[in-house]
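Peer 1: Here is how the chains run, residue by residue.
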Amino acid sequence: MYKHFIRIALSVLVIAPLLVACTDDKYDLNKLDTTVTLFEDGVSMPIGGTSLITLKEILQQAGVSMDNFVTDPDGTYRFSYSGNFAEAFSIPGTSFSDIEETSIDYAINVPGEYAGISTSLPGVPDEIDLGGVFGNGPIKFDAELPQYVSDVKYADVSSTATLTLTMNQPVYVKKGFEITFPEAMEMELANPSEDYSFTGSTLKFEKDVKLTSSVYTINLNLKRIKTEGLVSGGKIVVDKTINANGSSSVRKEDYSTVPSSINFHLNFAVAPITISKVNASVDYSYATVINKSLNEDLYQLNKEGIYVSFADPALSLNITNGCPVAVNFNAAMDMLKNDVVVKKQTLETDKAIPAGGKLDSNYKLTELTGVTPDVIRADFDVNTDAGFIDLTLGSNYSFEGGYTFSTAISVDPSTHVVYETNPINLGLDNKGDAKVTISMDVINSLPLSMVLTVIGVDANGNRTGNLATSSAIQPGTLGTPVTTKLDIDLDLQKTVSANSIILQIDLLGTSNSTALGERQGVQIKNIVAKLPNGLTI
Amino acid sequence: MKKIFITIAAAAAALLSIEASAQNNLTGFFLDNYAYGYKLNPAQANDYAFFGLAVNNLNASVSSNVGAGAFFFPNGGKLVTGLNSAISKDQFMKGLKPVNSFGTDISETLFAVGFKGKNSYHTIELNLRSNEDARLPKELFEFLKAGPGTGTFNIPQVSASAYSFAELAYGYSTKIGDKLSIGGRAKLLLGIEGADIRLNNLSVQANEQAWRITSTGTLAVSGAVEMTTTTSVSSGKTIYDYNSMRFDSGNIIAGFGFGLDLGATYEVMDGLTVSAALLDFGGISWKNNIYGTASGSWDYTGMGDNINESSGSAKNPMDGLVSMIEFSKVSGSSSFKMNPFTLNGGVRYRLPFYDKANVGLIANHRFNGTASWTEVRLGAGITPVKLVSLAVSAGMGTFGFGFGANLDLHLGPVNIFVGADSLTPKLTKEFIPVNASRFTLNAGLTFCF
Numbered sequence: 167m168y169k170h171f172i173r174i175a176l177s178v179l180v181i182a183p184l185l186v187a188c189t190d191d192k193y194d195l196n197k198l199d200t201t202v203t204l205f206e207d208g209v210s211m212p213i214g215g216t217s218l219i220t221l222k223e224i225l226q227q228a229g230v231s232m233d234n235f236v237t238d239p240d241g242t243y244r245f246s247y248s249g250n251f252a253e254a255f256s257i258p259g260t261s262f263s264d265i266e267e268t269s270i271d272y273a274i275n276v277p278g279e280y281a282g283i284s285t286s287l288p289g290v291p292d293e294i295d296l297g298g299v300f301g302n303g304p305i306k307f308d309a310e311l312p313q314y315v316s317d318v319k320y321a322d323v324s325s326t327a328t329l330t331l332t333m334n335q336p337v338y339v340k341k342g343f344e345i346t347f348p349e350a351m352e353m354e355l356a357n358p359s360e361d362y363s364f365t366g367s368t369l370k371f372e373k374d375v376k377l378t379s380s381v382y383t384i385n386l387n388l389k390r391i392k393t394e395g396l397v398s399g400g401k402i403v404v405d406k407t408i409n410a411n412g413s414s415s416v417r418k419e420d421y422s423t424v425p426s427s428i429n430f431h432l433n434f435a436v437a438p439i440t441i442s443k444v445n446a447s448v449d450y451s452y453a454t455v456i457n458k459s460l461n462e463d464l465y466q467l468n469k470e471g472i473y474v475s476f477a478d479p480a481l482s483l484n485i486t487n488g489c490p491v492a493v494n495f496n497a498a499m500d501m502l503k504n505d506v507v508v509k510k511q512t513l514e515t516d517k518a519i520p521a522g523g524k525l526d527s528n529y530k531l532t533e534l535t536g537v538t539p540d541v542i543r544a545d546f547d548v549n550t551d552a553g554f555i556d557l558t559l560g561s562n563y564s565f566e567g568g569y570t571f572s573t574a575i576s577v578d579p580s581t582h583v584v585y586e587t588n589p590i591n592l593g594l595d596n597k598g599d600a601k602v603t604i605s606m607d608v609i610n611s612l613p614l615s616m617v618l619t620v621i622g623v624d625a626n627g628n629r630t631g632n633l634a635t636s637s638a639i640q641p642g643t644l645g646t647p648v649t650t651k652l653d654i655d656l657d658l659q660k661t662v663s664a665n666s667i668i669l670q671i672d673l674l675g676t677s678n679s680t681a682l683g684e685r686q687g688v689q690i691k692n693i694v695a696k697l698p699n700g701l702t703i
Numbered sequence: 012m013k014k015i016f017i018t019i020a021a022a023a024a025a026l027l028s029i030e031a032s033a034q035n036n037l038t039g040f041f042l043d044n045y046a047y048g049y050k051l052n053p054a055q056a057n058d059y060a061f062f063g064l065a066v067n068n069l070n071a072s073v074s075s076n077v078g079a080g081a082f083f084f085p086n087g088g089k090l091v092t093g094l095n096s097a098i099s100k101d102q103f104m105k106g107l108k109p110v111n112s113f114g115t116d117i118s119e120t121l122f123a124v125g126f127k128g129k130n131s132y133h134t135i136e137l138n139l140r141s142n143e144d145a146r147l148p149k150e151l152f153e154f155l156k157a158g159p160g161t162g163t164f165n166i167p168q169v170s171a172s173a174y175s176f177a178e179l180a181y182g183y184s185t186k187i188g189d190k191l192s193i194g195g196r197a198k199l200l201l202g203i204e205g206a207d208i209r210l211n212n213l214s215v216q217a218n219e220q221a222w223r224i225t226s227t228g229t230l231a232v233s234g235a236v237e238m239t240t241t242t243s244v245s246s247g248k249t250i251y252d253y254n255s256m257r258f259d260s261g262n263i264i265a266g267f268g269f270g271l272d273l274g275a276t277y278e279v280m281d282g283l284t285v286s287a288a289l290l291d292f293g294g295i296s297w298k299n300n301i302y303g304t305a306s307g308s309w310d311y312t313g314m315g316d317n318i319n320e321s322s323g324s325a326k327n328p329m330d331g332l333v334s335m336i337e338f339s340k341v342s343g344s345s346s347f348k349m350n351p352f353t354l355n356g357g358v359r360y361r362l363p364f365y366d367k368a369n370v371g372l373i374a375n376h377r378f379n380g381t382a383s384w385t386e387v388r389l390g391a392g393i394t395p396v397k398l399v400s401l402a403v404s405a406g407m408g409t410f411g412f413g414f415g416a417n418l419d420l421h422l423g424p425v426n427i428f429v430g431a432d433s434l435t436p437k438l439t440k441e442f443i444p445v446n447a448s449r450f451t452l453n454a455g456l457t458f459c460f
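Chains X and L supply the protein sequences, listed in that same order. Residue numbers in the first sequence follow the numbering used here, run continuously in steps of one, and reach 703 at the last position. Residue numbers in the second sequence follow the numbering used here, run continuously in steps of one, and reach 460 at the last position.
Extracted from the complex, chain X is given alone in its bound form:
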């Protein structure tokens, strides 16, 4: 019996523990809520700060071109816009495209008793003088010149002329034989020779020259055409004769071949002539208006929310009058807003600029200070009525100049520009309710009021909306930056996560017209994210 009890008791002891183990439905991991809140006693995370966000960076982010911004040595921004203008004209050259060839034929009679005789016969003279004037012939060419040419004096040309003497019997041209061309043609020998010289318009043989070949050629360079007084109806005409004066002879050694007459032929040909320059008188009248609108960049500034006023606008001009006549110059600057001129400052009225003269002037645009234009426009006007003046055919003339508009800038109360930092990764991926305080020091040296908005960005880079907006950030100046301490409370909820945040700065204009400079801007320092109740993820 005892053994039986022991057997049963121990068996029960062994089996019992197997029966007492049980599962507890309260511990069902399938129902586990994985929401956790870390750092419940609070935690602060330093975030960092920004470098100085200059006005230039702000404007660049706004898409405003900064090409026309320059920085003065003292760091002040200056808006500078330069340009050029020019009015030019030229007097083209002309050419004689069709030159007539001029020739003179002259027959010289040889006494018949000497023709064909033997030189060994007694009484035969050593030389028979043919004497006399050979004759003359016309030389003629003409061409159209520009219609405004009224009194042509000279035409510089570049051409060649060829004088050809042709005879059917060897002839001695006697020393002093002259061939005279029209005085209107200034020529020179292309190939100087001891046989002849060229002076003025006359070719003169300096010794007896035996013209043994059938063709005797003298090359000349045609340098200038003296055309004064030859203008008629817009055409230049040369109509003169060639004279050949002097004597010639036939020598004894040639008697056996001497015919009863010798044919003498002068041929004068000129290559095509191009006139490169000619002094001429022109009936001159000139007037032009040059409008330069400096609207492009200014329009962009205002379009993007920065309304720029000019603190000390100035204009510099440098003009060269390349015309051979004095001109009158007029200049004015217009400021337009909504296509209406709201301010105008006249700079020059009928300022005389002599021929070949210059105008270098600087103008203070005091009447335009403080204006906030959409468009600034420069009106330049030049005019003259000089009557007849001398110009040169083939020359260029111009009236040209450059200008620079320069001004320090300030912003007016209409200004409203938004600047955003890049997303600042906090590593927070909020899935529950969380209180986050973003504290920071904002140092402002811009004369602008600002507010700062915190924008949430989720882990996928998508914006989750504006989380909070700060109180006003006080304006400052370059010399006296103002620090504003901000504590921005973010109430993150399940639907508003903030893995990252973007700090958006709204810059609001001011009536303070203090000039803006390179070193002015806004800087955010000591950004700290405080999670007083931890972070729920």
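Among these hints, one or two may not hold up.
In the SDA-like style, the derived pairs of lysine to any residue whose C-alpha atoms are separated by at most 20 angstroms in a straight line are [said to hold, decoys possible]:
#1 192(X) - 106(L)
#2 341(X) - 372(X)
#3 192(X) - 85(L)
#4 197(X) - 80(L)
#5 89(L) - 199(X)
#6 100(L) - 703(X)
#7 696(X) - 219(L)
#8 89(L) - 196(X)
#9 696(X) - 160(L)
#10 601(X) - 190(L)
#11 691(X) - 219(L)
#12 129(L) - 190(L)
#13 89(L) - 530(X)
#14 197(X) - 190(L)
#15 458(X) - 530(X)
#16 651(X) - 218(L)
#17 197(X) - 89(L)
No lab work stands behind these hints, which were simulated from the structure alone.
Once you've looked at the hints, dock chain L against the given chain X.
Peer 2: What follows is chain L alone, placed relative to chain X:
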């Protein structure tokens, strides 16, 4: 940040949820005809020869000095973690130990044979074994729960390791005189996979001006595992890229080692036997094909003074915490790792009035650094009929109170046994102990001659 927490929680939950477990089956100390009693004390010899193959002995345990109840809390019909805002810091911390350890120890005997010699008993075994443990200090959870505060927050060592190896053992026991038996087992250990990660003396200073995180750590991985390196976003160092981990290359044999079991029993008087044993004393020299260190400090004073110029990928305060688990590659290394070992002592008394029953007590201490544990177990065994042996025990120790029971069936030459230590009365629906526990499962089949 959430990744870190999830990693920690997952590691804890994974370790907690291992269902098959048990280091040596201490209740088996009281079980008659238990073929593997020599594993508790190598001086113990069977009266018979036996042979087992493949499924002849599975011995697995999972132990934790905290249960799921320390991390999970029923709240309003839901289950929440201790980091949920509905759970106060005190409530969460109250259930945690200074070092919260989770360990598993699994041994599968692929082949075993035991036979008698002249005044001796011999055993030969081939086992596959694995040990895993993780140690998470209470301060780690306090940091996550409450935050770093305004001073310096120190977190003691955080570590996790997992080792698997093959064990070829030869055992010998003999009697010296009538009373004393001694025995020992020599073990050749072949490393298969090994991994050890630890972070030492992590300290965090966090205030509005700066976060400073300092720590040192090591990562050692052996076996058929490889990992490439990448450049750290937060530190710029060449670090191991966990995403590149591959398990199809590396060292097939990851290390060699040696182990030793020693034991003795002494029959003080008729029916009363005392015993003592040292088990698993030894270790393996692991050839690390992944070895990295983490050292130095990570200072975070913000993203600098040009955050408006940095991209969205700029480092943030949480990068510092991530950098804790970034390990820089260190060229070739081997490390010797002592295996956890056990010292036990027991007394067993066979009832004079009923020699088929015994009662006794066994004290067991597992040496495993900060995850060491101790248990004292009182038990009894009975063989009411020749075919059946039963044992039951109740223990108290590091893991609290627990029951254990064993059943052994002798069906002719076939011996079937199954048993468990520290049966816990309360489990989650996933069979994770709600409270601290050491749960051991032992089952097998042998052929006896």
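Peer 1: Now tell me, hint by hint, if it's right for this structure.
Peer 2: Okay, the hints, checked on the actual structure:
1. 192(X) - 106(L): 17 angstroms, holds
2. 341(X) - 372(X): It holds: about 5 angstroms lies between the C-alpha atoms, which stays within 20 angstroms.
3. 192(X) - 85(L): 6 angstroms, holds
4. 197(X) - 80(L): With Cα atoms ~15 angstroms apart, residue 197(X) and residue 80(L) stay inside 20 angstroms; holds.
5. 89(L) - 199(X): With Cα atoms ~7 angstroms apart, residue 89(L) and residue 199(X) stay inside 20 angstroms; holds.
6. 100(L) - 703(X): Distance of about 17 angstroms is within 20 angstroms: holds.
7. 696(X) - 219(L): 8 angstroms, holds
8. 89(L) - 196(X): Holds: residue 89(L) and residue 196(X) sit about 10 angstroms apart, inside 20 angstroms.
9. 696(X) - 160(L): Judged against 20 angstroms, a Cα distance of about 12 angstroms means the pair holds.
10. 601(X) - 190(L): Distance of about 74 angstroms is beyond 20 angstroms: violated.
11. 691(X) - 219(L): 12 angstroms, holds
12. 129(L) - 190(L): 17 angstroms, holds
13. 89(L) - 530(X): 80 angstroms, violated
14. 197(X) - 190(L): 59 angstroms, violated
15. 458(X) - 530(X): Given pair residue 458(X), residue 530(X) holds - Cα atoms ~18 angstroms apart, limit 20 angstroms.
16. 651(X) - 218(L): 18 angstroms, holds
17. 197(X) - 89(L): Within the cut-off at roughly 6 angstroms; holds.
When each numbered hint is compared with the structure, violations occur for hints 10, 13 and 14.
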